[in-house]
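Place chain D with the ligand on chain B using the hints.
So the protein lines, in turn, are chains B and D.
Just so we're aligned, residue 4 is where the first sequence starts under our numbering, counting upward by one.
Just so we're aligned, residue 32 is where the second sequence starts under our numbering, counting upward by one.
Rather than coming from a laboratory, the hints here were simulated on the basis of the structure.
Note that the Cβ used here is the ideal one computed from N, Cα and C, for glycine as well.
There's no promise every hint is true.
Unchecked claim - One-sided and incomplete, this derived list gives chain D residues near chain B with beta-carbon spacing under 8 Å:
1) Ser172
2) Asp292
3) Leu300
4) Thr302
5) Pro303
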Amino acid sequence: MTDAPLVRVEGLEKRYTTSDGLLERLLGTGQTVRAVDGVDLEIREGETVGLVGESGCGKTTLARLLVGLDEPSAGTVAHRGIDPSERSRRERRRLRTTVQYVFQNPSTSLNPRLPVADLVGEPLAVHDVVPPGRRDERIGELLETVGLEASHANRYPHEFSGGQRQRIAIARALAVEPELLVLDEPVSALDASVQARVLNLLADLQAEFDLSYLVVSHDLSVVEHVADRIAVMYLGRIVDCGTPAQLFDGGAHPYTEALLSAIPEPDPLWEGERIVLEGDVPSAIDPPSGCRFHTRCQKLIPPAGYDLDSDTTRGLVALRADLEDLAAGEASAGGPLEALRPSSAERETSGEPAETASVRRTYDLPSTLSDPDAEAELSGALEALAAGAVEEARSRLEAAFETPCESRRPELRPVNEAGSARRRIACHRFDDRFERRLEAGDDNRAPDSNERRR
Amino acid sequence: MTDREPTTRRGRIRIEGFDEHATATNTDHVQSNRSDLDAVSDRRDELDRRTTVDRLPTGGRSTRGGRNLDSGVGNKTGLEASWGRFRSNRTALFGLAIVAALSVLALFARPLEFSAMGYTLTVQPFSLAPYDPSELYVGPSNAGPSLAHPFGTDWAGRDLFSRVLVGGRYSLSIGALAVTLALCIGIPLGAIAGYFGGWIDETIMRLVDTLYAFPFLVLAIAIVAILGPGYWNLIVALVVTGWLTYARLLRGEVLSIVETDYVEASKALGTPHRTIIGRHVVPNAIGPVIVQATLNVGSVVLAAAALGFLGLGLEAGTAEWGTMLARGRSSLLQGHWHVTVFPGMAIFLFVLAINLVGDGVTDALDPRRETGRRDR
Ligand code: SF4
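This is chain D alone, in the form it adopts within the complex:
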């Protein structure tokens, strides 16, 4: 209102460029009537765009995008880079080779057969183990290693070499199954707790805290003691104690992911929570959980062995590494070292290999670690 000084008025000098006639033109060429500044910006953005296009291999038009909301496609680039880092890590590859070798040995130790309704289906006919692991007195009892029995025999004259090979089946499958099932419980609960927060979070995490209050092995012992020994009971005990770590770890990660703009952006689009969790939250938060799970395969195998050693694992006489160790205790006192050494070595080798793989996965999923190591 007060125009005493014409010079305090703004807008005497105008910079053109935001006006209709300039914006109405196509993005592809620079209009001559724009000012220099705008022309420069135009060219730069154009350049930007072209270099991006050039740099990329011009693949075919997208055919899969947006088809299925729940498909896991999409993290290709991240996974490829991670796999590249993993491949260049020799110790991790070495560990992976040991795990693979042990798995193959366990799988081909004895033929695999399924019997149902009178029919017997042989899935795997090979038999690397020279003897049936539960056959008694294939040799003298407590005989030391020899050509016929490379690992010797136990108190009942069973062939230890066969038993260690077949025992891998129990240990490895327990490790894999218990960790997988624990992930199946821990990931959804952790994601839900972290994503929704509030009383849902409160409930789940108080449950986790309560179970965490017991020492891991004590809780597992208590569960086995209630359920009784057996393969599946052992797995239940290991799952009940195992999912806590994953839930807690994932919740922590989810808490930070939920704050990110892209989760907010999806909420703003009206995407249902289920889809947001499955598509945006979990894939970005899962890294540390994967690492932890890999490392945990080793400790689950150890725990299974420990339970077996305490007589709480599988039934006595089963060719499981921990159970074999337990039975070998008395033989050890009598001076028969080989009865415990070979199952013990098997456990050691497997856990070591798993840890090497786990370390490799850690580095592979976290590029910063690698560079940090290089800087040192």
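Only chain B is shown next, with the shape it has when bound in the complex:
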């Protein structure tokens, strides 16, 4: 083992611009999507790393960057300490063979018009792995390695079952003798009955050729069984990283906890709580400020200076975010904001208190907050709202209840747990310095205000 890991990713970013027309491109009016936004990751020899996240979190983009299918906007992907972008074209191509990609759906990743021999032979010919005379022999060997027969070589992909096709795709990737296989949802397109066998094959191959795997999946339960280490991604950033045992043993990032709670447990005595994440993943065009998970987080850190629980904080943050949309004129009718504009009839009969009460109900806020100072601020803001001053209500709430989750970006930093040097979480809850600052009653306004939205 060398010191340098097989693949080291540093500060990797990928931005897309959503301009399609010539005019938009000329005017530069396209919006920027930050698909991958500052990712650090290491993959060592013989290691299986799981990359987990909801769809749209950038995990596939990250995988494609690793293989070289896309060029990063910033950051580096180094192979054994060598950054390919500094190398010549020819050497880049050679380095490329060390990382191979296996696609999710084998029925679309194999050209239907070519026989298996041509499909598996393509990488052999392109990279001249074996001399032309021995190529047929090697194709047969590769097919046998993945559990097919050499005589299958002259058949076409449509003559095979899904599991067999995925084996062909794996044989293709193995042809160039890679060191790392990036497996993008390798079994999710397959029948449940075949999934286990393909996973077993992958385990066999790993043992035989000392391969490293990066398993990309939306399903934590698949990755849990195969990975030595799991990285959880949310909106272009890795938020949690550790061994499966560390992740499952509690003390994980709130997002990881939510993903974990969604895995069914066959134990009838298991009483784990099912955390339901609300809403979709926010848009990567305009990601939330501070911690990107704060719009859906169940464990928001309460604003400094008040004695509030996480649920109340959530309600306050959600209310403020909706007010912001309302002020910007983006609010959709029929949403939670309906509570903010009760019918005029209702206003006449019950007056203002009923209105503020309905807002409280919508955002799960108690009729009186436990902390008297906080209650004073909230009712002040709600009164302003009832009077129609949306902007004033918003700024009052923002000034009073600023949580660090919203204003500061949490770094992915090691968590000091016994015997877990490589456990890293990006959450303020795990930041000792930050916790101490909170306890000391410091002003928790963000020093890096450029992280703030708008």
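Chain D with the ligand only, in chain B's frame:
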């Protein structure tokens, strides 16, 4: 960290099967120590595999695979199926028969000879046409159809039957050559534009758009007017106007093929763009272009005839169908109908036949159409 409730811990109940001892065994039999679930999945996959093997004729081991990256082998199954569909299409076969008959007649109309450096090589000695098409006064001028001259004679007393037969050589070869050459330009440019995109695409497609802005015939007329009449000049004019359709059509297809996983997979393998285009992109995108090209043979022949009729095709007096029509115009006014009818019939017959074949190819390359028709 917080283990207040032992029951919130996961993993008290485990399902075995993903473990080393199970995976280390060979794929061929079911291990007794695996759980039922896994055994079932094993058997099913095994069954799967066996049925596939049984279903297929066990041909010899592959000997040709992977030898030559650029060889066109591989689309056998697709082509075979398409040919099967084409064969069962009677109208298409009828059209193909007419095209074949016309080609044979044109080829054997007069002997084919090549003269070079004093030697004369006779490639084809047969002569179906009774007279030399350019020989003057083999009969009276403007005589109607008779036994000696089945199609009659023209104003210079040349035998029309011979002229129509030999004229097929010009029309058919112009059709075939112009379309083939146009494909040779249109396919690479369309594939490159669609595959690479960006400014390459922009440049090629703006050129196509510019040329498209002229009506097809007007552009062809302008080119012939610049180059002057003549067989090859006519072909140049038809190629310059003809490749646009293919380039545009292929680019559209390529745009969707480039998105597919198998193209991405090849890129991930590090395959050079040239090979990806030739092996994965074009073969999968070419179908509609082939259809269009088949149909276009007819319209190219028509265009050649139209140019000939306008006096812009081959030199006056050449036995080309369109040119014959042009010369026959004055005779028609004098009441000699046969001078125009027979060349016109020849054009009509050929274009009709080509269109029948083209429709057949369309159906053959697109299995969905056939089923759609059956459902109706
Ligand atoms: S930083 Fe705050 S919002 Fe982000 S995960 Fe941690 S507690 Fe939740």
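Satisfaction of the D/Asp292 interface hint, Cβ to chain B closer than 8 Å: With a closest approach of 4 Å, the D/Asp292 hint holds.
Under 8 Å, Cβ to Cβ, is where D/Ser172 needs to be relative to chain B, so tell me if that hint holds or is violated. Status violated, d = 59 Å.
Does the CB of D/Pro303 sit less than 8 Å away from some CB of chain B? D/Pro303 check passes; min Cβ-Cβ to chain B is 7 Å, inside 8 Å.
For the hint on D/Thr302, just tell me whether its beta-carbon gets within less than 8 Å of chain B. 5 Å, holds
Does the closest beta carbon of chain B sit nearer than 8 Å to the beta carbon of D/Leu300? 5 Å, holds
Comparing the model with each numbered hint stated earlier shows that hint 1 is the single one that does not hold.
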